[in-house]
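Protein chains in written order, with this note's numbering: chain H, 1 to 260; chain E, 1001 to 1411.
Check each hint, because a few of them may be wrong.
[Said to hold, decoys possible] Calculated cross-link-like contacts (lysine-lysine; reagent style DSS-like; alpha-carbon spacing at most 25 Å):
#1 H/K209 to E/K1245
#2 H/K41 to H/K152
#3 H/K209 to H/K41
#4 H/K257 to H/K152
#5 H/K41 to E/K1245
#6 E/K1389 to E/K1407
#7 E/K1137 to E/K1115
#8 H/K224 to E/K1245
#9 H/K41 to E/K1236
#10 E/K1195 to E/K1114
#11 E/K1348 to E/K1327
#12 H/K41 to E/K1407
#13 E/K1235 to E/K1258
#14 E/K1236 to E/K1195
#15 E/K1389 to E/K1348
#16 E/K1034 to H/K117
#17 E/K1408 to H/K41
#18 H/K152 to H/K224
#19 E/K1054 to E/K1041
#20 E/K1147 to E/K1041
#21 H/K41 to E/K1041
#22 E/K1115 to E/K1147
[What the hints assert, rightly or not] What follows is a set of in silico ranges between Cβ atoms, one per label pair, in the way DEER data are often shown:
#23 H/S84 to E/S1391: 49 to 57 Å
#24 H/T119 to E/V1153: 26 to 34 Å
#25 H/G114 to E/A1304: 42 to 50 Å
#26 H/K117 to E/Y1104: 52 to 60 Å
[Stated by the list, open to error] Which residues of chain H face chain E? A partial, calculated answer using Cβ under 8 Å:
#27 N48
#28 V52
#29 Y113
#30 L166
#31 I168
#32 I179
#33 E182
#34 L186
#35 S190
#36 T194
#37 K209
#38 G217
Hints in this document: simulated from the structure, not taken from any laboratory. All of these numbers come straight from a predicted model, not from anything done at the bench. For each residue, glycine too, the CB sits at the ideal point set by N, CA and C.
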Amino acid sequence: MLKILKYSFFDLMRSRWSYVYFAFYLLLGIVLLFLNNDLSKAVITLMNVIIVLVPLIGTIFGVMYYYNSKEFTELLLAQPLKRSSIFLGQYLGVALSLSMSLILGLGIPFVFYGLFKSTAIWDFSLLLITGTFLTLIFTALAFNIALSNENKIKGFGYAILLWLFLAIIYDGIFLMTLILFEDYPLDKLSLVGTMLNPIDLSRTLILLKLDISALLGYTGAVFKQFFGTNFGLIVSFIMLTVWVILPVLRIVFKSMKKDF
Amino acid sequence: MKTLIIIFSVILMTSYTHASQIEVCNTCPISTLKEAIAQAKDFDTVFVKKGTYKEYDILVNKPLTIIGENYPVIDGELKGEVITITSDNVTIDGLFIINVGTSYTEDYAAIRVKKSKHFVIQNVVLEKLFFGIYLEKSSYGKVYHNKIIGDAVEEYNSGNGIQLWYSNHIEIEHNYVEHVRDGIYLEFSDDCIIKNNISAENLRYGLHFMFSNDDIYQDNTFENNGAGVAVMFSKKIKMLNNTFKENWGTASYGMLLKEINDAEIIGNTFEENTIGINIEGSNRMVYKNNNFINNGWAIKVRGACYTNLFIENNFLYNSFDISYNSKVNDNVFDRNYWSNYTGYDLDKDGVGDVPYRPVKLFSYIVNRTPETIILLRSLFIDIIDFSEKVSPVFTPDNLLDNNPLIKKVQW
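Let the sequences and hints guide you as you build the complete structure.
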C-alpha cells in the first residue's frame, strides 16, 4: 500500500494541478494578509474560504484522479496485490497531496507574517486541522462516488451535487426545520444536525474559537455544555474522525466486490 | 474686651483638643476601638496599631478620624455590623475588616454611613463580608482606594460591595471590588462620580444603577461579571471611557440599559461580551467614539428606543453588529466604522460610497429562533443575508449608515 501511496503521491506532485492548488492558497494567504493587516480577521475570512472551497476541490480532484488513473488501476489489479491496498494507496496519495498543498500554501505566508508570535496561532492551526479533515473526508466521498459510477459524466454530476448539498442546501433545509419546529426544544436537534454534515461540523469547530461569545447567548443547557466546555471540541473531533473512517471503510468494502 | 479674651481662649482650647490623639493597641491602656471612641472628643484622631481587634457594632457617633497603621484587623466574628457611622466629618483610613455577619432581615455592612455628611472612607480592605460599604442617606462623602474581596456564591445570601441608597454627591474612586453580588450599587443617588474603579467577577452586576440621575462614571473597568453592568430608570448619566469586558452568558451584557434617558455614552470599550449593549426603552442618548470589539452582539435594541444617536463608533469583528426586533427605526447611525463593510470609496473622501446596513436578516432569524445561531457564518446564511441586503424585507429599511467610514475612527 505504501508503495502505491508513494507512486500516486509523486505522480500528483508532478502534476500541474497540485501546483495550481498550492499557488492558489499561497496567493490567497498573501492577498488576505496584505489587505487585512490583522491576523485574526484573516483567519475568519480564510475559514469561510476553506469551508466551501476545500470540500469542492477535494471532491472534484478525487473523482478526476480516479477516472484518469483508471487504466493504471486496472494494470495494478492484474498484479498480485491486495485490492484494498491499491485503492487506499491511491486515496491517501490524493488526500495527502491535497492536504500538503493546503498546509504549505496557507502556512508559508502566515509564518512569514509572524504567526508564531501572534495569539492567532491556535485559531490558525485549528483551521489547518479542519482543512485537512475536510480534504480527507471529501476525497473519500469522491472515491466512493467514482467507484459506484462507471459513467464519468454521472460521477462528476454526483460529485458536484454532493458538494452543493452539503455546503449550501443542507443548511437551508436545516434552517427551515429549525424555524418550522421553533415551538419545540431544539438544542439537541440542532447539535445532531450539525454532526451529520462535515462542513457544518468544521464550521462549528471554528466558531467555538471565534464566536464563542455569541454562541453563549442562547439559553440551553445542552448548548451550554457543548460550547462552554471542551466537550464540544472533543465531540466534534471524534465526529470528524468518524466521518473519515466510514467512507474509507466503504472504499475498501466496495473495491473488494467490484468487477473491473 | 473680656468676652473677646474668653472667645479667644475657647478657640485656642478647641484647637488644642482638635489635635489630640488616641492610640489603640492590644497592649495599650486603651485596647479596643469602642473604648477609644467613647473616650475621644470631637475631631480627635484615633490611631489603631497593628493587631487583631475582635469587635462588632462599633458606633462612631462623633466627628473622628480613625487611622489604622499597617492594616490592623477588625474581626466582626460574623456577629453583625462592624462599623456604623452616624456623625458628620468622619474619616476611616487603613483598616482591614473581616467576618461581617450575615442576616436575612438586616443588611449588615462592614462600614455603614447613616445620615452623615463629609465622610471619607479610604485605604480600607474588606474581606469575608456581607455588605461592604453601605451609604445610607449620606452625602458629600468620598470612598477612595478601597479593596473589597467577597466570597459570594449565591445571589440571595450575599450583599453588595459598595452600596449607595439616597446618597448624593459621593465620589467613588480607585476602588477594587470582586466576588460580591453587585460590585457598586446606586439607588436614588444623584450627582455621584464613579471613577477609576475595577469591578470584576461579581455574581450579578459589576455596577448597578437604579433611579439615580446626573451621575458620571468614567475610566472604570467591569470585567467578567455575572451579568455585566445594569443601568436602569435613570436620567442624564454620563458614561465615559469605561471598559466592559468578557461578560459571557445567556443573560449577560456588557451594559444593560433600561429606561435611560438623555445619557451620554462616550469613549467606552466593549470587548468580548455576549451582548455589548442591550438597550430597552431608552431615548435621546448619544453613543459616540465607542469601540465594540469581538462581541456576540455589539448592540441589541429591544424596543421603545427613539432618537438615539450612534456616531463615530468602531464596530470591529462582532458576530452581529446591531440586532433589532422590530421594523421601526427612529435612531440615527452615522459615520461609524464597520469592519464588515464591503463597499468602496471612489472619491477618496474617507467615507464609503454605498450605505451600510448593520442589521442582518440572520440576526432577525436568531431573534425568532435562537437555536439557529448554530448556522452562524454558514454559506447559506451569507447568501440570504446578501439577498436581504439588496432588498430589505424583514429588517428596517431605513436603518442605514449613510456615511460608513473607510478607516477606523481615532480620537
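Check: So which of those numbered hints doesn't the model satisfy?
Finding: 2, 9, 11, 16, 18, 20, 21, 29, 30 and 37
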